[in-house]
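So the sequences go chain by chain: A and B.
Here my numbering is used: position 54 in the first sequence is 54, and no number is missing along the way.
Here my numbering is used: position 59 in the second sequence is 59, and no number is missing along the way.
Covered stretches of chain A, as calculated for chain B (at least 3 residues, CB under 8 Å):
#, region
1, 2 to 12
2, 255 to 268
3, 288 to 298
4, 312 to 323
5, 367 to 377
With a cut-off of at most 25 Å between alpha-carbon atoms, the simulated SDA-like pairs for lysine to any residue come out as follows:
#, chain 1, residue 1, chain 2, residue 2
6, B, Lys-358, B, Ala-290
7, A, Lys-5, B, Asn-85
8, B, Lys-412, A, Pro-279
9, A, Lys-5, B, Leu-77
10, A, Lys-232, A, Leu-373
11, A, Lys-22, B, Glu-329
Derived from the structure by calculation, the hints contain no laboratory data.
Bear in mind the structure is a predicted one, so any value in this text is a computation, not a measurement.
Cβ atoms here follow ideal geometry from the backbone N, Cα and C, with glycine treated the same way.
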Amino acid sequence: MEQSKNFGFGEDEVMLRDTARKLFADNCSADKIHGQLAQNYDPHREIECLWDKDLWKQIGELGWTAVCVPESAGGLGMPLVAAAALVEEAGKAAFPSPLVSTFNASFVLQACGSDAANKQLEKIAGGQASTLAITNQKGSWESSDTDVTVDDGTLNGTAWFVQDAKKAETLVVAAKGEKGLGLYCIAADDANVLIQADGIIDLTRDQAHIEFKGAKAIEVAAPGDGKVALDKAMPAILSIVSADMVGTSEWLLQTTVEYANTRVQFDRQLGFFQAVKHPLVNVMLDLDRAKSLTYHAACTFDEEPDGAELAARMAKSAASDVAAFSASRAIQFHGGIGFTWECYVHIFFKRNMHNHILYGDGNYQRMKLADILIGQAA
Amino acid sequence: MSEAGKTDSPEQAEFRAHCRDWLSKNHPGTPPVSLPQSALALTDDDALVWLQKWQKSAYDAGLIGCDYSKDCGGQGLTNCQAIANEEMTRAKTPFLPNIIGLGMGAPTVYFHAQDEVKQKLLPRLLSGEDIWCQGFSEPGAGSDLANQQTFAEKKGDSWVINGHKVWTSLAHYASWMIMLCRTSKEDKYNGLSYFVVPIKSALGKGVTVRPLIKLTGETGFNEVIFEDLVVEDKYRLDEVGAGWAVAMTTLAHERGAGKLVTPASGGLASAEDKSSSIGSANALIRLAKASSRNGKTAADDPVLRDQLMQLMIRQEGFRHNRRRIGVPELNDHPMRLPLQFKLVSSELGQDISHMAYKIQGAASSLYVNDPNAPAGGQWPMAYMSSFGITIAAGANEVQRNILGERVLNMAKSK
Ligand SMILES: Cc1cc2nc3c(=O)[nH]c(=O)nc-3n(C[C@H](O)[C@H](O)[C@H](O)COP(=O)(O)OP(=O)(O)OC[C@H]3O[C@@H](n4cnc5c(N)ncnc54)[C@H](O)[C@@H]3O)c2cc1C
Numbered sequence: 001m002e003q004s005k006n007f008g009f010g011e012d013e014v015m016l017r018d019t020a021r022k023l024f025a026d027n028c029s030a031d032k033i034h035g036q037l038a039q040n041y042d043p044h045r046e047i048e049c050l051w052d053k054d055l056w057k058q059i060g061e062l063g064w065t066a067v068c069v070p071e072s073a074g075g076l077g078m079p080l081v082a083a084a085a086l087v088e089e090a091g092k093a094a095f096p097s098p099l100v101s102t103f104n105a106s107f108v109l110q111a112c113g114s115d116a117a118n119k120q121l122e123k124i125a126g127g128q129a130s131t132l133a134i135t136n137q138k139g140s141w142e143s144s145d146t147d148v149t150v151d152d153g154t155l156n157g158t159a160w161f162v163q164d165a166k167k168a169e170t171l172v173v174a175a176k177g178e179k180g181l182g183l184y185c186i187a188a189d190d191a192n193v194l195i196q197a198d199g200i201i202d203l204t205r206d207q208a209h210i211e212f213k214g215a216k217a218i219e220v221a222a223p224g225d226g227k228v229a230l231d232k233a234m235p236a237i238l239s240i241v242s243a244d245m246v247g248t249s250e251w252l253l254q255t256t257v258e259y260a261n262t263r264v265q266f267d268r269q270l271g272f273f274q275a276v277k278h279p280l281v282n283v284m285l286d287l288d289r290a291k292s293l294t295y296h297a298a299c300t301f302d303e304e305p306d307g308a309e310l311a312a313r314m315a316k317s318a319a320s321d322v323a324a325f326s327a328s329r330a331i332q333f334h335g336g337i338g339f340t341w342e343c344y345v346h347i348f349f350k351r352n353m354h355n356h357i358l359y360g361d362g363n364y365q366r367m368k369l370a371d372i373l374i375g376q377a378a
Numbered sequence: 001m002s003e004a005g006k007t008d009s010p011e012q013a014e015f016r017a018h019c020r021d022w023l024s025k026n027h028p029g030t031p032p033v034s035l036p037q038s039a040l041a042l043t044d045d046d047a048l049v050w051l052q053k054w055q056k057s058a059y060d061a062g063l064i065g066c067d068y069s070k071d072c073g074g075q076g077l078t079n080c081q082a083i084a085n086e087e088m089t090r091a092k093t094p095f096l097p098n099i100i101g102l103g104m105g106a107p108t109v110y111f112h113a114q115d116e117v118k119q120k121l122l123p124r125l126l127s128g129e130d131i132w133c134q135g136f137s138e139p140g141a142g143s144d145l146a147n148q149q150t151f152a153e154k155k156g157d158s159w160v161i162n163g164h165k166v167w168t169s170l171a172h173y174a175s176w177m178i179m180l181c182r183t184s185k186e187d188k189y190n191g192l193s194y195f196v197v198p199i200k201s202a203l204g205k206g207v208t209v210r211p212l213i214k215l216t217g218e219t220g221f222n223e224v225i226f227e228d229l230v231v232e233d234k235y236r237l238d239e240v241g242a243g244w245a246v247a248m249t250t251l252a253h254e255r256g257a258g259k260l261v262t263p264a265s266g267g268l269a270s271a272e273d274k275s276s277s278i279g280s281a282n283a284l285i286r287l288a289k290a291s292s293r294n295g296k297t298a299a300d301d302p303v304l305r306d307q308l309m310q311l312m313i314r315q316e317g318f319r320h321n322r323r324r325i326g327v328p329e330l331n332d333h334p335m336r337l338p339l340q341f342k343l344v345s346s347e348l349g350q351d352i353s354h355m356a357y358k359i360q361g362a363a364s365s366l367y368v369n370d371p372n373a374p375a376g377g378q379w380p381m382a383y384m385s386s387f388g389i390t391i392a393a394g395a396n397e398v399q400r401n402i403l404g405e406r407v408l409n410m411a412k413s414k
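Model the full assembly from the supplied sequences, consistent with the hints where possible.
Dropping the structure here:
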């Protein structure tokens, strides 16, 4: 089968993306983000969840959370590339919000396909922030690994590395029952759910480990069906996180280029020196590869689901690698100022550091890819 | 109609149907002789003749040069060459031998020559009956192209050319050359003029072509010496002193960034084809499964597995960059992807062939003249040959300058 030549990125998707561009340009400048998130530089500062809730409300009203929710569940039913484009713009702005987490939760719910899951999707389409609680304490990215158990719809145990937990209203939890992995929805403010914020590097999001103490939850995938749903959703999740890194890395590239075009040393703009110019071109090459692979992965998820994992892991590998590369060159080529808290670059550097490892770094993705393309090693 | 035709205009759709129909009946079949990896490496006369016959038949069917005007041997169509290229590649046809003529000579002549010259030269160029070469590089003018020393002196109505061109691909078969000459020593850039000059018909009459031996031991490119070659003034393109601007037309088309799409066919698999070309990272997996390392199958080595996947990812990324070029909404700068093409593909090809050479281990010491060399020694050969591509058409370091300056607007490095 041949895929859409334009990755499925048509007129509606362009319009949506352009709205996002404008919204972030108007509301989310690097200057503003820095003022909002970086007031307290103390490494031992108290853990806080800083974000612009009003802007998030506005986004809910614009229908962004509904973009990839099927029309049958009250969503817009747009292709994954639409969400990827939105998230790329969010990444460019280092936008602090539960947008990525909510998208990711919605992919898992869609993969469940149950009535209960569809009900949750309707809420997401209405603007409800959600997130996935599917990772164990070891930080394993394998879909079958969770420290949470379920018995008759009641959750016990702790989920780790939960993204945007303090911003989410609903949690989608992976839990092990007697018959295998199941998926559950529960309100974040449930009395038997204890959210313990993590102190994290990335200033643009929050993360937590969440203890479930006999919390009664809604089953969206029965024990035994959860792993299939998670595996089915994972290519979309990887595409979305890749799109975020593509956006953030583009900001890092453009900002560093701008600096190289203004800062003068030895009577020359820094960009004159090939030791600066060529690595920045290399960042651009790697970034364009990651971007093309990300849009391809999103398109594959919609149009050729059998190839979705392969395409998504390639995208995440390329995006994670350029996330690190663009960020490291950005700091280095800003010199002393780049090493300060005052310079905005660290905000984007840290967002990339976080996304780099989320759901597996480049090496991890390539291990998975090798198993697909070469076959398991003896 | 497949996805490929999704956005065709009615004219394009009709043209595509014609291409498909013609190709289904007129594919030239398997070549009688083994073909090199690209036209630039053509040294076998029989291969050339066979490929010229293919180019002529595709030209006669309207698949080559179709966007050129009718008086110049084209069909006067709009945006149809890209469609012919897609269909020719889809049909897995052989490559076109007159690659420099089609890619650089034709557009330059088309946009800058007098009508009489265009009408005389272009039909035989497009049909492949005349092979063309490019005389830009000189011993002292490589990356610094404007440092041309070959001199054209005006004598009466003609020009007399003296000088020395090097690395001239296909000069040994060429009837014509596009060339850059110095016509004034006063000004580096404004002292250049651009000519088309006869080669074959002037051999022994002011032109000498001598083969240069590549590091692989093969011939392939040449040096061309001009001693009082007399060229009529009508073969000058554009004004005296405007050579640099004309050369920019040539280079833009060479980089795939010109106004006209270069006719291109390809995709024909030959025995040697699995070497350095894009699309061959997959072949590395087969190779790794058949090779051993540390007493085990090489394909089980975790370090190698990671490296193989890196190459697969680069190969896929390149493929989808090409796809994304066609989606303007996903390109913030129109030249950002097109200008990466040569740089990215040549380095990928080089790294793939080097990886193959490493996977083969001891067997990679065997050259093409050894009967035990795996795949006829093609992988180490491909690796060595790959430097031709990372150096030619503007060394990749110069490509990085171009990208940094034109796309990222950084200060010009010399
Ligand atoms: C296989 C092959 C086929 C060719 N065919 C043709 C042809 O048909 N017609 C034709 O006219 N020419 C042809 N060439 C010539 C080619 O265009 C030149 O070799 C190329 O432009 C480099 O010039 P040079 O060899 O003089 O190297 P130099 O200019 O001396 O450069 C040597 C090296 O220095 C580095 N370098 C140079 N300048 C810079 C810079 N500004 N910044 C950073 N690094 C730099 C690069 O690494 C470069 O490879 C061919 C070359 C090859 C290898």
